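Asker: Residues per chain, in single letters:
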Amino acid sequence: MAVAAGLGPRLDRERFQWSSLAMLAPALALLGVLFIFPVLYSGYLGFTDLALVGSRSRDYQFTGLDNVTRMLSDYVFIKSSWLTIIFVVGSAIVGQTVLGMALAILLRNALVSVRAVIGSIVIVAWVLPEITVALVWYAFSQAGGTLSILLGHTDTNFLVAVPMLIVSLANLWRNVAFSMLVFSAGLRNLPTEVLEAAEVEGASAWRRYRMVVLPLLKPTIVTNLLLVTILNLSEFTLIYAMTQGGPGIETMTLPLYVYQEAFVFHQLGYGTAISLVLVLIGALFSLLFVRASRSQV
Amino acid sequence: MWTALLTFTAALVAACGGGTNNTATTDDMKGTITVAYSTTYVFDSDDQSVIWWDKVKKEFEQQYPNAKLNLQGFNGTDVDLVNKVALEYKNPSTTPDVFMLPTGYVGQWVGSDYLLPLDSFVNDSTKAPFWASFPKVIQDESKINGKVYAVNTGENNSALYYNTSMLQKAGVTVPWQPKNWDDLLAAARAVKASGQKVVAFWAPAGTSAGAGGVLQGSANMVYASSTPTIYDYDKKKWVVDSPGLREVMQFYKTVYSEHLGGSTSDLFSPKAVGRPVVLLKDHQMAIAIGSNWFADAWTEQNRHWATAAQEASAVPIPTSKGQAPGTASTLGGWAVAVSKATKHPQLSWGLIKIMEADDNQVFIANRAGFVPPSQTVAKSDGFLNYAPPFNKAFGDALPNSKPMPSEQEGYPAYVQGIGQATGQIATDPNTSVDQAIKILHDTMANQVGAGNVETLT
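Protein sequence lines, in the order shown, are assigned to chains Y and E. Using the working numbering, the first residue of the first sequence is number 1, and each one after it goes up by one. Using the working numbering, the first residue of the second sequence is number 1001, and each one after it goes up by one.
No wet-lab data here; the hints were simulated from the structure. Every value quoted in this text rests on a predicted model; they were computed, and no experiment measured them. We put the beta carbon where it would ideally sit given N, CA and C, even for glycine. Don't take every hint at face value.
[As the list claims (entries may be wrong)] Now the stretches of chain E that chain Y is said to cover, found in silico as 3 or more residues with beta-carbon under 8 Å: (1) 1082-1091; (2) 1102-1112; (3) 1161-1167; (4) 1190-1200; (5) 1421-1432.
[Claimed, not checked] Derived CB-CB ranges, DEER-like: (6) Y:F37 with E:G1146: 55 to 63 Å; (7) E:D1119 with Y:G43: 39 to 47 Å; (8) E:K1084 with Y:G32: 51 to 59 Å.
[Said to hold, decoys possible] Just so you have them, the derived chain E footprint on chain Y, three or more residues with Cβ under 8 Å: (9) 71-77; (10) 174-184.
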């Protein structure tokens, strides 16, 4: 013990230098003022009856769980939550991931020229400003639009007949390039020897994909799922520009409902409360994916 | 998550405001005042907005040589203007001295205790020479709890536009003057039956056009119905079911089940408010519920319809069964208010006086498509001859026009509810009247609480 004491503190232990606090203080202060405080404070505002204008814009109060109980009996909120889940699961998780994967695999085996052309087309859709995509799909799905001509129902306004499907497809069309790029990169990095070994053993293409490619791609898939979920959960511009949440409330996902409550109905407190739910849903999905990624070998 | 973030930020800015009221009473007519207004949502074209405001600024600074006017224009819609300026009002140091706002929001600003009562100005004929020429309905439009808080700068009201030759081809006698809704439907049916490939009757429905779409659309029919009440001021409740509302829903059901109305592509377009202007001009529409500004829009180069006066006409909207007063319309426009936080109330009023001067009123009425609040201006040649014969027709319709309930927080929800109800009928004419009424009821009860809505019998 005396020897150890003579050697001073262990050099391999992580040391904390109190002087570093002084160096960190400016960054910490900035983070605190610009990030941590606003987040905590908005958490508080979600439990008040704050309004944008009117008497409650000045004399707002902490209302406890009023906003939460109101949410539970708010049929628009409940429908909106379902629509959000349908949108995220249908358009982002299933649609974007499956189609992105399919494109990535097909393009991998395609001729270079085909790959370049198809890849470019898909990426152009992604590079287009969101508002342009919204206008393109708006025109595409109207009565007399290209979709109605293709399907032989020129009198049908598909954005009114099946609004959620159309906005989901528009979103899928726009965002599939992202997943395709992620998966292409993942596929390029797969060890070729494993695939070749499987091929020599006589495994069919499907079997090779299922037993070799998919397990090896798992970290890529999880990362992709995490990113597309977070990106799509807060999708606002595309839906708002196409339908403004309508007809009725048929495409009123949570971000649109937050906007309506906070900036159309001026209920900032309630709008904040709903946006907190949106954050919670995002956190929940993220946790699920992170857990799923840990379980891999 | 930008919506969430935006809400956070707005809520934060909103909550951080407050501060003390400025109670300065001295005003030596020196200093700078700021006026907040919409650059894109008032005038028919943005360059006209620049011309008008520059003229007002120049006149103001000539008249008050020690003062400066700071023009603070906002882009976007009326909703954008209100949201942005609401955040400015959270702190006296960012509050504009004068605010030109939609009349429908004055009540909410008063509810926030942001505005200065203007009674001492308007009741003094030397300070407000124009006030006596305002009809009572407009004087009272921004009167809340007995005090005047804003001065109108222009109104929009509604009537029926029709294409004369289309009605003639359909066998309807012109000049056409429907006495009730059956007359109106009969003319629309005749147009449809005559085989002309046009929209027989434009009855605005749906939510995409927001408050403007309801003001210039379905709310006219509510005011023309046998129960012309949207808000019950005695009981302080919203009317979500009444014989009149049922007449309105039945009327919409008839229009859309007989395919007399517009397509959902037009009705639910984000540009729905402007669609009838284009469709009438392009000879694709026979009759439309429309606003007075259509006529001015046709004089503009971009929507030019040189022969509008010869080809089209306008008549007041008849009441449902022809009951007194025989015609009806909504009324809504823009007004100027002075902030309580201003250090220069006299100077602020000086600005309003210049904005209300006759020549400035003629300009804004013509280029923004307003019916001027001042009857002197409304009867002046400069206004009447700008877009004949329509300007006169809408000016005449003013006395039977009624403002929307402005001092109530639930109005945006009412707009949403009635928009959804009429939109549902336009989407699916099999929707029953009960179902449509239920949409309005549920939307309102959900937003303002079941205790704040009522059924009139």
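Asker: Flag every earlier hint the structure violates by its number, smallest first.
Answerer: 3, 4, 6, 8 and 10
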